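Keeping the supplied structure of chain A fixed, place chain B upon it in accordance with the hints.
The primary structure of each chain is shown beneath.
There are 2 protein chains.
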Amino acid sequence: MLVLVTYDVNTKTTQGRKRLRQVARCCVAHGQRVQNSVFECSLDEVQYVILRDRLSSLIDGEKDSLRFYNLGNHYQRKIVHVGAKPTYDPGEPLIL
Amino acid sequence: MLVLVTYDVNTKTTQGRKRLRQVARCCVAHGQRVQNSVFECSLDEVQYVILRDRLSSLIDGEKDSLRFYNLGNHYQRKIVHVGAKPTYDPGEPLIL
Numbered sequence: 016m017l018v019l020v021t022y023d024v025n026t027k028t029t030q031g032r033k034r035l036r037q038v039a040r041c042c043v044a045h046g047q048r049v050q051n052s053v054f055e056c057s058l059d060e061v062q063y064v065i066l067r068d069r070l071s072s073l074i075d076g077e078k079d080s081l082r083f084y085n086l087g088n089h090y091q092r093k094i095v096h097v098g099a100k101p102t103y104d105p106g107e108p109l110i111l
Numbered sequence: 016m017l018v019l020v021t022y023d024v025n026t027k028t029t030q031g032r033k034r035l036r037q038v039a040r041c042c043v044a045h046g047q048r049v050q051n052s053v054f055e056c057s058l059d060e061v062q063y064v065i066l067r068d069r070l071s072s073l074i075d076g077e078k079d080s081l082r083f084y085n086l087g088n089h090y091q092r093k094i095v096h097v098g099a100k101p102t103y104d105p106g107e108p109l110i111l
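Just so you know, the sequences run in chain order A and B.
End of the first sequence = 111 in the numbering used here, gap-free, step of one.
End of the second sequence = 111 in the numbering used here, gap-free, step of one.
One or more hints might be untrue.
One copy or two, either will do: identical chains are not told apart, so a pair holds if it fits within one copy or between any two.
[What the hints assert, rightly or not] Quick list of in silico lysine-lysine cross-link-like pairs, DSSO-like style, CA-CA up to 30 Å:
#1 Lys78 to Lys100
#2 Lys33 to Lys93
#3 Lys78 to Lys27
Since the hints were made in silico from the structure, they are not lab data.
None of these values were measured; they are calculated from a predicted model.
Looking at chain A on its own, in the form it has when it is part of the complex:
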């Protein structure tokens, strides 16, 4: 299934900027960055729970925001992209 992860991390402090790097690094390890703070992750149920817990442990719940959108398995026709930064479909084979 495809899970969309979006986040807002408060970067007014050094700790905030560190949290942002950690959140981004964790998302990069699990999916495709499609915009600055928007990632598309191809995950099964267990991986989704693990990622959600991991990211939740990295943020400051008072200052930062994480949102997860489960797009299911049939997501291709649910997504429209306009403009720069075209992306690949994480569900399709990547031919190099």
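For chain B alone, kept in the frame of chain A given last:
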């Protein structure tokens, strides 16, 4: 249906900052800002096409990125929020 709108606008120039303001203002008029550049919009099919065309006309296709995720009508269980900035469900009555 609920449509998620996410955008990245290149703000290195004055025109870019103007485009950002215009895109944000258009999204605010159509839905709920849930994160800096993430909006949840409750739309029908016609409204969705109109919003997509409107936003596409505001951005610079070479520098900016727009993404639309159609979450359908049964979206409540597809969305998980962790941390700051709780939101309301645009599909539910708002009791003031």
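Here is what the structure says about each hint:
Taking identical chains as interchangeable, the C-alpha atoms of Lys78 and Lys100 lie at most 30 Å apart whether they share a chain (29 Å) or sit on different chains (8 Å). For the homomeric pair Lys33 and Lys93, the shortest alpha-carbon distance between copies (29 Å) is at most 30 Å, but the shortest distance inside one copy (33 Å) is not. Taking the closest pair of Cα atoms, Lys78 and Lys27 come within 30 Å of each other both inside a single copy (10 Å) and across two copies (26 Å).
Every hint, counting from the list given before, is met by this structure.
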